[in-house]
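Engineer: Sequence:
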Amino acid sequence: MTHGIWASVGGMQVNEYRQSLAANNMANLNTVGFKNDFAVIRQRRSESGENPSQKMFETNPYSDLGGGSWVRPTYTSFTQGTLEQTGRSLDVALDGDGFFAVSDGNEVRYTRDGRFARNAAGDMVLSADGGRFRVLDQNGLPINIADPSIGSIKIGRNGEVNQGDEVLGRIGVVDFEDRTALKKAGQSTFKLVGDTPTIPATADIHGGNVEASTVDSIAALTSMIEVSRAYDLNARMISLQDETLGMATTRIGRVG
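Residue numbers (the numbering used here): 1 to 256.
Hints are supplied without guarantee of correctness; some may be wrong.
Just the calculated beta-carbon pair ranges, DEER-fashion [as the list claims (entries may be wrong)]:
| # | residue 1 | residue 2 | range |
| --- | --- | --- | --- |
| 1 | G156 | A219 | 30 to 40 Å |
| 2 | L221 | G122 | 41 to 51 Å |
| 3 | G164 | A219 | 37 to 47 Å |
If you are wondering where the hints come from, they were derived from the structure by calculation, not from laboratory data.
All residues carry an ideal CB built from backbone N, CA and C; glycine is no exception.
Using the sequences provided together with the hints, build the complete structure.
Structural biologist: In structure tokens form, the structure reads like this:
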């Protein structure tokens, strides 16, 4: 009986996690460059499944029962988002595979958020997070923009940043052989975990556009409702099993 209670407790914990992911997705419905997260759920194997060689000697009747469910590492979908026109000269969007590289001087992060701006020092920076991250060129160096009064800024499809007749640099775009090595680090940026090789990026750069969030509002809301119901069902199962266990401990052995 307690086995069933623990399985239901595990189910509640899993659904709490699913709910937090769904809520975070909904909260980022309008966040530029945001990528949808999904919870990956696996069933716990039974004791006999974990140790099949011992099954022939097993006398425990619970050995074939599964252990409920558990959460695998979160899966981030890097599906392309819709391009939305803004008309800003420093807004850019990637159409295809790849990431912008940005740095705060201590670490490099990667993003699909192309809302760039010019800081007081003239560096091209990521607008999010107060402009802390500078945009890097193809050689990993910051891109400096001269006084805007000198001329308007234009960014070509190859990432080339032009001001009048002068080429200021080329926005660096990189991609990775294994994208599961990219972990979310806030503000629609990712950190690279491990030594995953880079591969040529195939994305085109569209000036005056940004990439919308990939969150589907209807799917996210439906998921939140489904998860809430699953959580409630697990809670009810715990109550029913606790009630049955109480009856068993008080009535077994009673005469008459």
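Engineer: Starting from the hint list further up, note which numbers the structure goes against and sort them upward.
Structural biologist: none
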